[in-house]
Amino acid sequence: MTKNKVKICTQGFSQKYGVDYENTYSPAGKFNSLRRVLTIAALKELKVHHIDAVAAFLNPKLVEQIYMKIPPFIPKYGEGKVWKVRKPLYGLKQASRYSYLDISNHLKSIKPNPRKSGPCLFISTDCQSVTQNQSTIMTARYHK
1 MTKNKVKICT
11 QGFSQKYGVD
21 YENTYSPAGK
31 FNSLRRVLTI
41 AALKELKVHH
51 IDAVAAFLNP
61 KLVEQIYMKI
71 PPFIPKYGEG
81 KVWKVRKPLY
91 GLKQASRYSY
101 LDISNHLKSI
111 KPNPRKSGPC
121 LFISTDCQSV
131 TQNQSTIMTA
141 RYHK
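Residues 1 to 144 (the UniProt record's numbering) are what the sequence shown spells out, left to right.
Hints were generated in silico from the structure; no laboratory data involved. It is possible that part of the hints are untrue.
Unchecked claim - Within a straight-line C-alpha distance of at most 35 Å, the following computed DSBU-like cross-link-like pairs (lysine-lysine) qualify:
1. Lys84 - Lys69
2. Lys108 - Lys7
3. Lys69 - Lys16
4. Lys30 - Lys111
5. Lys93 - Lys111
Being a predicted model, the structure only gives us computed values, none of them experimental.
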């Protein structure tokens, strides 16, 4: 049995600022933030978990209205038609920002607050985490 998989990517290089996107900034986790989280985990004997979000870019909804040409290997839809992009697909200039805002909002909802020392470092009394786009290191107290 043969399986064919395709990853659809947009041509983000053709996006125009102010038309297709406004903001692309997405912070990156600092090594010092990771070291801080792991040090606290060691001192407080906390469990350390690594979370790798599968298809993290496809979780949030896209606010901008973006259309893309249908790839030529999909003949079913006919020539000259377009798809409306509803999720921040790989290749969009703002995709990383949407991914960061999604994980950041989720972490804030379970109480860790971002630190001024690094917007990817979230700390509360029982939980610390460092996030980097699709990957998050999280520590928490283990309750039996």
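Results for each hint:
With a C-alpha separation of about 9 Å, the suggested pair Lys84 and Lys69 falls inside the 35 Å cut-off, and the hint holds. Restraint check for Lys108 and Lys7: satisfied, since their Cα atoms lie roughly 31 Å apart, inside the 35 Å limit. For the given pair, Lys69 sits about 16 Å from Lys16 by alpha-carbon distance, which is consistent with the 35 Å threshold. Pair hint Lys30 plus Lys111 holds up; C-alpha atoms about 21 Å apart against a cutoff of 35 Å.
Note on Lys93 and Lys111: the hinted pairing holds, with a Cα-Cα distance of about 29 Å set against a maximum of 35 Å.
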